[in-house]
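A.B. asks: The primary structure of each chain is shown beneath.
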Amino acid sequence: MTEDVNKQEHATLFLGCPEVPVQMGISLYLSHMLRKSGRQVTIAANPSVIKLARVADPERHYMDKMIDLDRCIGDIAEKKRSTDIAILFAHNDAGITYAATVRYLHPGRLVLVLFGRHAEELVSSVDFPCEMIVEKAVHDPSGLRKKIDEVFQWPA
Amino acid sequence: MACVEDLNKEIVLSGASFKEAREYVEAHCKEIYYVEPGFRLFEKHIIGIPPIAIGLDGDMVLFPFTKPCYGTFLIRAEHAEEASRLRSLGLKTTKEKK
Chain A
1 MTEDVNKQEH ATLFLGCPEV PVQMGISLYL SHMLRKSGRQ VTIAANPSVI KLARVADPER
61 HYMDKMIDLD RCIGDIAEKK RSTDIAILFA HNDAGITYAA TVRYLHPGRL VLVLFGRHAE
121 ELVSSVDFPC EMIVEKAVHD PSGLRKKIDE VFQWPA
Chain B
1 MACVEDLNKE IVLSGASFKE AREYVEAHCK EIYYVEPGFR LFEKHIIGIP PIAIGLDGDM
61 VLFPFTKPCY GTFLIRAEHA EEASRLRSLG LKTTKEKK
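These protein sequence lines are chains A and B, in that order. Numbering-wise (my numbering), the first sequence opens with residue 1 and increments by one. Numbering-wise (my numbering), the second sequence opens with residue 1 and increments by one.
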């Protein structure tokens with residue numbers, strides 16, 4: 001008999017300002033798919049996003065563990081918390097600044113989702129190593145979902 | 001130690017990019033220390049693109065503060081204890097390498 005040493009992979013979604021509509025829908029989808037593929041998921045988000053998620057998903061079928069964005073980063077900085085995959089959503093300079101912070105603190109896989117009207121312009125300000133998903137999506141999440149599916153290759 | 005929210009502070013820049021905030025510190029401060037993301041300043045882990053410039057002028061501390069919805073603020077606050085702590089840590093400066 002072999003001991004099962006498989007550790008469940010842990011993903012953290014970092015969500016900033018919710019003013020671009022696609023962020024909430026695509027993050028609910030991504031959280032669902034990550035969980036469905038066997039991963040543990042934590043949502044690190046600003047208070048507005050947490051309120052939106054709690055209203056949209058009251059029984060927490062899609063988003064379960066949630067933590068304040070700055071507290072999560074503080075915990076990572078103090079080595080109280082870690083994750084296998086960090087997935088960051090950014091549609092403005094502040095989002096890139098948060099992503100650069102997580103990149104500095106988290107040595108593992110980092111996926112940066114650039115979206116919103118200025119998604120393509122933001123690419124030039126990313127000067128740290130990461131996997132990037134770029135889609136000029138504001139209201140329609142279809143293109144973003146397709147690119148996310150390509151990156152994560154969900155099991156059938 | 002004071003929390004950022006409780007500081008008697010002046011907002012020097014608001015809605016700035018992180019790069020603009022760093023350039024302002026470098027252009028207006030003679031005494032600058034560079035820290036890495038997650039560095040604890042005024043009881044907060046600083047968010048920023050490294051290297052993060054913090055300016056000092058006597059007891060005045062000039063530092064960036066990023067919020068997801070509002071971008072980066074550059075804040076000036078008078079705080080002798082934090083200014084003294086920054087000077088004592090042996091951080092990188094503009095003139096000398098750590």
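Simulated from the structure, these hints should not be mistaken for laboratory data. Don't be surprised by glycine CBs; every beta carbon is placed ideally from N, CA and C. Among the hints, a few may not be true.
What the hints assert, rightly or not - Among chain B residues calculated to face chain A with C-beta under 7 Å, some are:
{"hint": "1", "residue": "Ile11"}
{"hint": "2", "residue": "Ser14"}
{"hint": "3", "residue": "Gly15"}
{"hint": "4", "residue": "Tyr34"}
{"hint": "5", "residue": "Pro37"}
{"hint": "6", "residue": "Phe42"}
{"hint": "7", "residue": "Gly48"}
{"hint": "8", "residue": "Ile49"}
{"hint": "9", "residue": "Pro50"}
{"hint": "10", "residue": "Pro51"}
{"hint": "11", "residue": "Gly71"}
{"hint": "12", "residue": "His79"}
{"hint": "13", "residue": "Ser84"}
As the list claims (entries may be wrong) - Derived DSSO-like pairs (lysine-lysine); straight-line CA-CA distance at most 30 Å:
{"hint": "14", "chain 1": "A", "residue 1": "Lys65", "chain 2": "B", "residue 2": "Lys67"}
{"hint": "15", "chain 1": "B", "residue 1": "Lys92", "chain 2": "A", "residue 2": "Lys136"}
{"hint": "16", "chain 1": "A", "residue 1": "Lys136", "chain 2": "B", "residue 2": "Lys9"}
{"hint": "17", "chain 1": "A", "residue 1": "Lys36", "chain 2": "A", "residue 2": "Lys65"}
{"hint": "18", "chain 1": "A", "residue 1": "Lys147", "chain 2": "B", "residue 2": "Lys92"}
{"hint": "19", "chain 1": "A", "residue 1": "Lys147", "chain 2": "A", "residue 2": "Lys51"}
{"hint": "20", "chain 1": "B", "residue 1": "Lys19", "chain 2": "A", "residue 2": "Lys7"}
{"hint": "21", "chain 1": "A", "residue 1": "Lys79", "chain 2": "B", "residue 2": "Lys30"}
{"hint": "22", "chain 1": "A", "residue 1": "Lys65", "chain 2": "A", "residue 2": "Lys79"}
{"hint": "23", "chain 1": "B", "residue 1": "Lys67", "chain 2": "B", "residue 2": "Lys19"}
{"hint": "24", "chain 1": "A", "residue 1": "Lys136", "chain 2": "A", "residue 2": "Lys147"}
{"hint": "25", "chain 1": "A", "residue 1": "Lys79", "chain 2": "B", "residue 2": "Lys92"}
{"hint": "26", "chain 1": "B", "residue 1": "Lys9", "chain 2": "A", "residue 2": "Lys7"}
{"hint": "27", "chain 1": "B", "residue 1": "Lys92", "chain 2": "A", "residue 2": "Lys51"}
{"hint": "28", "chain 1": "B", "residue 1": "Lys9", "chain 2": "A", "residue 2": "Lys65"}
{"hint": "29", "chain 1": "B", "residue 1": "Lys67", "chain 2": "B", "residue 2": "Lys9"}
{"hint": "30", "chain 1": "B", "residue 1": "Lys44", "chain 2": "B", "residue 2": "Lys92"}
{"hint": "31", "chain 1": "A", "residue 1": "Lys36", "chain 2": "B", "residue 2": "Lys44"}
{"hint": "32", "chain 1": "A", "residue 1": "Lys80", "chain 2": "B", "residue 2": "Lys30"}
{"hint": "33", "chain 1": "A", "residue 1": "Lys51", "chain 2": "B", "residue 2": "Lys44"}
{"hint": "34", "chain 1": "B", "residue 1": "Lys44", "chain 2": "A", "residue 2": "Lys147"}
A.B. asks: Are the hints correct? Go through all of them and say.
C.D. replies: Comparing the hints with the structure gives:
1. Ile11: violated (15 Å)
2. Ser14: Interface hint status for Ser14(B): violated (12 Å vs cutoff 7 Å).
3. Gly15: Result: violated, 9 Å to nearest chain A Cβ.
4. Tyr34: Result: violated, 13 Å to nearest chain A Cβ.
5. Pro37: holds (4 Å)
6. Phe42: violated (13 Å)
7. Gly48: holds (6 Å)
8. Ile49: Holds, about 4 Å.
9. Pro50: This hint holds: Pro50(B) lies near chain A, its Cβ roughly 6 Å from the closest one there, short of 7 Å.
10. Pro51: Since chain A brings no Cβ nearer than about 10 Å to Pro51(B), farther than 7 Å, the hint is violated.
11. Gly71: holds (5 Å)
12. His79: violated (20 Å)
13. Ser84: violated (22 Å)
14. Lys65(A) <-> Lys67(B): Holds, at about 22 Å.
15. Lys92(B) <-> Lys136(A): Since the Cα atoms of Lys92(B) and Lys136(A) sit roughly 39 Å apart, the hinted pair is violated (cutoff 30 Å).
16. Lys136(A) <-> Lys9(B): Between Lys136(A) and Lys9(B) the Cα gap is close to 37 Å, so the pair fails against 30 Å, i.e. violated.
17. Lys36(A) <-> Lys65(A): holds (15 Å)
18. Lys147(A) <-> Lys92(B): At roughly 41 Å apart (the allowed maximum being 30 Å), Lys92(B) and Lys147(A) break the hint.
19. Lys147(A) <-> Lys51(A): holds (27 Å)
20. Lys19(B) <-> Lys7(A): violated (40 Å)
21. Lys79(A) <-> Lys30(B): Violated, at about 34 Å.
22. Lys65(A) <-> Lys79(A): holds (19 Å)
23. Lys67(B) <-> Lys19(B): Since the Cα atoms of Lys67(B) and Lys19(B) sit roughly 15 Å apart, the hinted pair holds (cutoff 30 Å).
24. Lys136(A) <-> Lys147(A): Given that 30 Å is the threshold and the Cα spacing comes to 12 Å, the pair holds.
25. Lys79(A) <-> Lys92(B): holds (23 Å)
26. Lys9(B) <-> Lys7(A): Violated, because 47 Å separates the two Cα atoms, which is more than 30 Å.
27. Lys92(B) <-> Lys51(A): violated (40 Å)
28. Lys9(B) <-> Lys65(A): Distance ~35 Å between Lys9(B) and Lys65(A) Cα, so the pair is violated.
29. Lys67(B) <-> Lys9(B): holds (16 Å)
30. Lys44(B) <-> Lys92(B): Since the Cα atoms of Lys44(B) and Lys92(B) sit roughly 20 Å apart, the hinted pair holds (cutoff 30 Å).
31. Lys36(A) <-> Lys44(B): Violated, at roughly 35 Å.
32. Lys80(A) <-> Lys30(B): Since the Cα atoms of Lys80(A) and Lys30(B) sit roughly 36 Å apart, the hinted pair is violated (cutoff 30 Å).
33. Lys51(A) <-> Lys44(B): holds (23 Å)
34. Lys44(B) <-> Lys147(A): With a Cα-Cα distance of about 35 Å, the restraint between Lys44(B) and Lys147(A) is violated, given a limit of 30 Å.
Checked against the numbered hints listed earlier, the structure breaks hints 1, 2, 3, 4, 6, 10, 12, 13, 15, 16, 18, 20, 21, 26, 27, 28, 31, 32, 34; every other hint is satisfied.
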